[in-house]
Every structure is written in C-alpha cells, then in structure tokens.
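Colleague: Chains as they are written, first to last, in the working numbering: chain A, 1 to 101; chain B, 1 to 101; chain C, 1 to 101.
The set of hints was computed from the structure by calculation and includes no laboratory data. One should not assume that every hint holds.
As the list claims (entries may be wrong) - Under 7 Å between C-beta atoms, here's a sample of chain C residues computed to sit facing chain A: (1) 17; (2) 29; (3) 47.
Unchecked claim - From chain A, some residues computed to sit far from chain B (all C-beta separations above 12 Å): (4) 33; (5) 47; (6) 69; (7) 72; (8) 75; (9) 91; (10) 97.
For clarity, every value in this text was computed on a predicted model and none was experimentally measured. Backbone N, C-alpha and C define an ideal beta-carbon position, used for all residues, glycine too.
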Amino acid sequence: MVTAYVTAPPDEAERIARTLVEERLAACVNRVACESVYRWEGEIHDDEETLLLAKTTDERYDDLKRRVVELHPYDVPCVERFEERDVHEPFATWRDEAVGE
Amino acid sequence: MVTAYVTAPPDEAERIARTLVEERLAACVNRVACESVYRWEGEIHDDEETLLLAKTTDERYDDLKRRVVELHPYDVPCVERFEERDVHEPFATWRDEAVGE
Amino acid sequence: MVTAYVTAPPDEAERIARTLVEERLAACVNRVACESVYRWEGEIHDDEETLLLAKTTDERYDDLKRRVVELHPYDVPCVERFEERDVHEPFATWRDEAVGE
C-alpha cells in the first residue's frame, strides 16, 4: 500500500482531499497544518500550507498523482510516494475496497 | 528502525501514545492534529483525528500493532509501517534501549 | 529522493529549517506542530515539539544529517531518512536544482 505526500495551500486542501476520496483515488486523506520554508527563484519563502497524506494502493497511485497535478493551483506541486509494509489487515482490506471500481 | 503510522480520535490519542511508551513498545510517539476525509459504508466523512507517529524497532513492530488494535476504539484502525534508513546513530541506540527488555 | 524526519523544540524549529534551505541542504522543509511522549532516563515525558520534514536528495542527506546535529540543542536529536518513489517529475527537478551547487 502507498501513502502519497502532497502539500497544498490551506484554502485548497479540503477540496483536493475530498475530490480524491470522491473519485476513489484515495480511501482516506489526513490533512495536517504546516509551515513551509523553501527556495523559489532564488528567494527564500515561508508560507502556511496543508500537508495531505493520502492512503491509496499501488494500482491507484499514478492516477492519483495525475489528478492532484490537475486539481492543484501550483505549477510545481509536491507529490511523492512512500511505501507501507505490514499494514493492519482489516485496514488494508477496507482501503482496497474504498478505491475499488 | 520503524515508524508506525496510526490515526486515533483526539481524546484517545494521548492514552494510546503513553501506553505504548510505558509498555516499551515505542521509544517515542509524536502526536499531530489532523482532519481526515474518508469513505465509510458508502458515505464520505470528515473528522478531526490525531496522527500518532510511533518510533519503534523491527522486533517490536508486531507487538505494537497488536497492542494498538487492542487499545483502539475503532473497528478498523489505521496501523501502517514505514521503514527508516540512516538514522542518526545515537538516536538509534537510545531507541533500542528505550524499547529493550 | 529523500525526506529527512527531524524533531526540534518549537522555538528552534524555524531557525533550523531556514538554515537547511539557506545552505542548500534541503529544497523545502515542512514544519508541523506536535506533542511527543517519550522515555528519557527512566522517566516518561510529554513535550511540545515541531516536526521538520526536510525534502532533500540522496547526495545531500549525509550533509543535512551532520548539519542538523550541529544546529540542534538536543544531545540525541531524532534524524531519520525515508525513501520516496515516483515523485512528480517537475518537483523532483526543482529539488535537484534547489540543493545543487
């Protein structure tokens, strides 16, 4: 199973998270408030963002990534994949069903 | 070394985290406030939760998972395992000792 | 690509995060408020901390880890490495450039 790590502006995060679940690209998305310091075009910025931790499957990750890029207001959004192991079995089954056709 | 990723209701999170440390199933648990959107029995829900990031070892992960499932109020709790690499050596040693017999 | 997971006292977190970006050891650092329960010298503690999720590269991780240990007020800071896969390509390119010489 896969956790996708995405950052988004706070006022767009709920819409993106909900869309991923509505479209069965994620079973669940955890949204976490954060502050982000980064280098962009030579300047250092520090902005409020929301971290989205989207619970999905191997099969769905590529579609989720494509959809995040479509939905996202940034030119270069952060979308990364982390592998999970030894997921609690009933939770894994629920996830498979929640993103199933 | 291993990070276990667990979500819990906000008013149960501290108890679960503290129990894992008291019982030497984790050396440390970081608790993070989050909002979670998910699909459950055909409906989309959006609830406040707390993310628990429990720092443990390969040897302890299965016991930690079993104990989380016992302590947890949900029927189908999220318990996942993420592998770490190149942990700062003194921190790794401390963790080994903190979950040691 | 690599995410470094670091915890820090809340009043030091911004300085550490900004230094890592200024010194091109990370392209971006997400800071998240958390509460941490842990065992230290036989006692259980519960403190406010800040989680730093630093986005860097394979090549930069060891330097980032060394620098975090120098900058950090703790004797035994938490510095861990998580591997990412299938990062959104333009984001990966940006990161490479942001930590480039």
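Colleague: If a hint holds in the structure, say so; if it does not, say that too.
Modeller: Hint-by-hint comparison with the structure:
1. 17: With a minimum Cβ separation of about 5 Å from chain A (threshold 7 Å), the hint on residue 17(C) holds.
2. 29: holds (5 Å)
3. 47: Hint on residue 47(C): violated, closest Cβ of chain A at ~19 Å, above 7 Å.
4. 33: violated (7 Å)
5. 47: holds (19 Å)
6. 69: Holds, because the least Cβ-Cβ distance between residue 69(A) and chain B comes to about 19 Å, which exceeds 12 Å.
7. 72: holds (17 Å)
8. 75: Given a closest Cβ separation of 25 Å, the condition holds.
9. 91: violated (5 Å)
10. 97: violated (9 Å)
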